[in-house]
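Given chain A's structure and the hints, the job is docking chain Y onto it.
Protein chains: 2
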Amino acid sequence: MKKNAQVEFLPFRSIHSFARGTNLLDAVRKAGLPIKSACGGKGTCGECLVRVVRGRIESRSSAALPGDIRDSGYVLACQAVIEDDLAVELPRFEEQFIRAEAGSRLIRERPDMLSGVFEVRPLIRKIRLSVPAATLSDNSGDLLRLQRKIHKQAGLRVSRAELGVLKKMAAVIREQDGDITAVLAKSGSGWTLVDLQPGPSPKAFCGLACDLGTTTVVCEIIDLQDGRVLSTTAGFNQQLRCGEDVISRIDYARRPGRLEELQALAVQTVNALLETSCREAGVANEDIYEISLAGNTTMTHLLLGLDPRFIREEPYTPTVNLVPDIKAADLGLRVNAEARVHCAPAVGSYVGGDITAGLLSTPILRDAGITSLFIDAGTNGELVVGNKDWLATCACSAGPAFEGGGTRCGLPAVEGAIEAVRIAGSGSLEYRVIGGGKPKGLCGSGLVDLLAELFTQGFIDRGGRLVQERARKRLVQNGEGAGFLVEEGSRSFWGRDIVLTEKDIANLIRTKGAVFSACALLLKNIGLTFDRLDAVYIGGGFGQRLDVENAVRIGLLPDLDRGKFHYLGNTSLAGASLILLSERNRDLVQAVAGKMTYVELNAEPGYMNEYTGSLFLPHTDIGLFPSVEKLLGPKKSLRD
Amino acid sequence: MKKNAQVEFLPFRSIHSFARGTNLLDAVRKAGLPIKSACGGKGTCGECLVRVVRGRIESRSSAALPGDIRDSGYVLACQAVIEDDLAVELPRFEEQFIRAEAGSRLIRERPDMLSGVFEVRPLIRKIRLSVPAATLSDNSGDLLRLQRKIHKQAGLRVSRAELGVLKKMAAVIREQDGDITAVLAKSGSGWTLVDLQPGPSPKAFCGLACDLGTTTVVCEIIDLQDGRVLSTTAGFNQQLRCGEDVISRIDYARRPGRLEELQALAVQTVNALLETSCREAGVANEDIYEISLAGNTTMTHLLLGLDPRFIREEPYTPTVNLVPDIKAADLGLRVNAEARVHCAPAVGSYVGGDITAGLLSTPILRDAGITSLFIDAGTNGELVVGNKDWLATCACSAGPAFEGGGTRCGLPAVEGAIEAVRIAGSGSLEYRVIGGGKPKGLCGSGLVDLLAELFTQGFIDRGGRLVQERARKRLVQNGEGAGFLVEEGSRSFWGRDIVLTEKDIANLIRTKGAVFSACALLLKNIGLTFDRLDAVYIGGGFGQRLDVENAVRIGLLPDLDRGKFHYLGNTSLAGASLILLSERNRDLVQAVAGKMTYVELNAEPGYMNEYTGSLFLPHTDIGLFPSVEKLLGPKKSLRD
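Those protein sequences? They're chains A and Y, same order as listed.
Heads up: the first sequence begins at 1 in the working numbering, then just goes up one per residue.
Heads up: the second sequence begins at 1 in the working numbering, then just goes up one per residue.
Simulated from the structure, these hints should not be mistaken for lab results.
All of these numbers come straight from a predicted model, not from anything done at the bench.
Certain hints may be false.
It does not matter which identical chain is meant; a pair holds if it fits inside one copy or across any two.
Said to hold, decoys possible - Simulated pairs of lysine-lysine, DSSO-like, Cα-Cα distance not exceeding 27 angstroms:
id	residue 1	residue 2
1	K167	K186
2	K149	K595
3	K126	K42
4	K30	K203
Okay, chain A solo, but in the shape it has when bound (with noise of 0.2 angstroms):
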């Protein structure tokens, strides 16, 4: 039996090693990770509590924590002693992140780029009226007199009510002489009438936005009358512990009762993150009165608790593309029990409605003339070609290495992660932390500067490989082989060096390679090539700033005009808040979901080939990328 223990810390995915016998909450401290405890460790304040999700643990009961929770893995820290390899859950993670990972900034930041489609105009309406009383000479009922005057003041024809707002209809029109607020929902081609308060009802009137990605889940709560963000929350998908990506879960989905335990993970996750939403919204639950989603097919499915199985099996097919609106209530989503759930609309297994809401968020649909590119480099990377007229699209496998997935030093963009890279020409390192503290590791766009560095700057090789006499000073070498150090454990958050390995690197490439091999591919497929494009939209969860010079450097992004690519964040969130706030944006993703003309790339024939051709920096044909290899020089081109 080993001395130490190994205990990882969720779902900030760092390992530790400590004594046995190491009280937990001092095992936490000493991480230098999170946690707080009001009572100083008696388990009386319930604070320090943590999930063991891997591994037993010894605990002393306590009076704090009920049987229940006790049973599903809970643990107060302060009470709980380390005897064994663990996994254990940190609480309250995604308060951490940071406001920018939000789509919300393109709304606020570039409303340029939002010319026409941003508008409020939801498919929910707060309207406040004056319903006549009834007389002798029209005592028609209570409902037909709201109709008529919804119509001659708002246009609006309701065609149905839910049963809880009539059953207090007669009392609420009565209770100021007919000066009411109503709440309507379009359905269909007429309007469901929601809710009803007497007067003015200085009640919010909200909706929230969610981009339910693979690894990150982000919220917005919107105010639905005038577009405003009111608040933003990011956090980890909670089923990352059932699999870090999509297939992963599916697989984890087909043993019995694990569809329902992913659908409830799915639930937590937004529930938990309303939860925080809505207290820096200043609103409450019930003032969220309509939902717009956008996630990937497999995350919609498992939200919605839809059997994902057919998506990975040939020929790929999901239940649904686009779904039926959904009562939030029937799902256990905790806001308004009369709110409805709207996902985004999917074109196929792989390409889902993150991609259609993003693909809003972007010029594209409203441009007629130009020929656009846009790329969403998640967990899987999709890509969308086209212009008003036509489009298509393919998605790739490319894994979640720039969303902080599948290296060791890779965080999402939160507090203490390194978010841009310089190295020198003498080989001094330079690196920007986001929230300014010490570095815990790097995010999507500190890997791409790490790596373009690396390669520009002659410390790797075009295969990836560390150059030995180059890299001399920095090289490091441990179980997982060889690395380079881009900070030692005594300047880094967590005590521990911070190192890209040869692995890492390896991983990085293939996620780049998989990504640029898919947008070759897809323009073969449609007869264009790289230079007939004339824009470049980038989304995905780099970080707050992509240096695109870098992105082209490694291969990632096609070597055209600097001035074609624009990085816009978060394009699903924002895409999701945008359908939120407008009808029109609704109608219009759904008709673009259903003309978009899907490519599968594994029936494609030359597929293998592109791939192993991008499995180098740039590019095997580095032809493609002529800034890189002017940069190179002509030796350096040469090297490998």
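Using the frame of chain A, we list chain Y on its own:
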């Protein structure tokens, strides 16, 4: 303290006297009322369960009776001893109702009258189809392939799907290689997928048509694929314990918790009838996919749990006339979880869905050239006059006298009710009993006959008072005043004299007067006279056969050519069935309800005069009834 206790047995309204200390099971049997007991009074079988609704009773606790049932007033009759005056509700009364109460008779016996209305094109459909398998070249989602196939095969556009259906869709479609049976419900302009089963699906596919009356409720299970009536069941509205007519129920609902009680009683009534109906039809509750309900405005409000108070306060405003479709499960009705309840539309507070549905079962909406009158003489009397192009309607408070309420000898048209009466010149009386056994009382048609015979044979005068010398042999005098002996106790089912008292006669005259004066006033209001009517259709709870001649003689119906009259029975139920089976009928009845002219009789200046003139047999102005005048001869007609 009186030696004997008075026990009223509900829903029979029969009162019996028993020595204190009598066992309740023995008492029920002594009263000749139906009750079962398999264990022979040992308190173990539970079959003699009754409910004490007034008074206290001593009961041994019994293992056959859980505590929560006991707390609701239920006792096992065999374990209970009468110590006090009581009202006791007996079980399973509804099974005694005769089938002919049902409106389906109209569909079976008078297909000529329904030409053009009876069609099987319901708003819920069951379709068997073969969904093509997905291929790599068409791997669109399961829902989309299903939608396309349904559109191609049946021309229906599916725009929504229930979450439960989506969840099982992938598995069901693949279970028998695409061979499935789908259930679709119309919603707005599209159809919603409400169920999906693999293969041909042996399950029944039924709807429920329900006449939700103030006094009696009738349910029919109808096969939605061919329109056959599979079973018919009727029972008292359990709300009767809260008041006999709509006004008393509205008043009852004013106290906290009472509206909920009335709603629960309405649901219990329908659920109890459903149990029997389903058993007789050989179908399961979940095989019922839609409910079509016709009730007056108050009954509809109470079923939905809508506050009815404004229905009886000037200006008499219901919450809703055209009720949006409601999920049956939301009301607690035990049918398929996805089934919806469709309520026939009301015109106003006192002209409800029972009338608009009933109207559909008459030829009025299809007759262009001729002008007809439709009379529904239920607990409330409602009238409609007009034709295909225009309609006017009004309501009057008739009272339940012709439905078996409001008189001591009155009964609904159940087994044991006298449904026809003849009095020979000699004074000897003949009658026909439903079911052929000993008589319990008289149903509506029997009361009409009796009143007409008493009047034309000179046993009562035009004011309804007994003519002493003529009636001498059958004259009885009791605490209720003078009365006419219909049958002696020794020959009656309950061993009590069946007597029509002067009070009862006055009640019947008020009822017929209310109906006739409303007819006269409605016609006057629109500038018509009786002789301009080409047809008179009569619905209501009189029983199987209403003798039109006698109805004219007492002044209930106008003195027109007898060939113009058509007694249709339960038009409300017939209409509910027609609506259940046909989308076109549903649209038609909604359009008709929306444009009918509603005449408020209370607001008419001549109302009291008309009514007072009708409080004689047949009327103060006998010139309105020339055939009656002729029958009575010059002497009799001057008598009063």
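Between K167 and K186, at a C-alpha cutoff of 27 angstroms, which is it: within one copy, between copies, both, or neither?
both (21 angstroms within a copy, 24 angstroms between copies)
Reference check for the pair K30 and K203, CA-CA at most 27 angstroms: within, between, both, or neither?
Classified as neither: same-chain Cα gap 45 angstroms, cross-chain 64 angstroms, threshold 27 angstroms.
Could you figure out if K149 and K595 sit no more than 27 angstroms apart (CA to CA) within one copy, between two copies, both or neither?
This pair counts as between: shortest inter-copy Cα distance 18 angstroms, intra-copy 39 angstroms.
K126 and K42: within-copy, between-copy, both or neither at 27 angstroms Cα
So K126 and K42 fail the 27 angstroms test inside a copy (49 angstroms) and across (64 angstroms) alike.
In this structure, the earlier hints numbered 3, 4 are contradicted, and the remaining ones agree with it.
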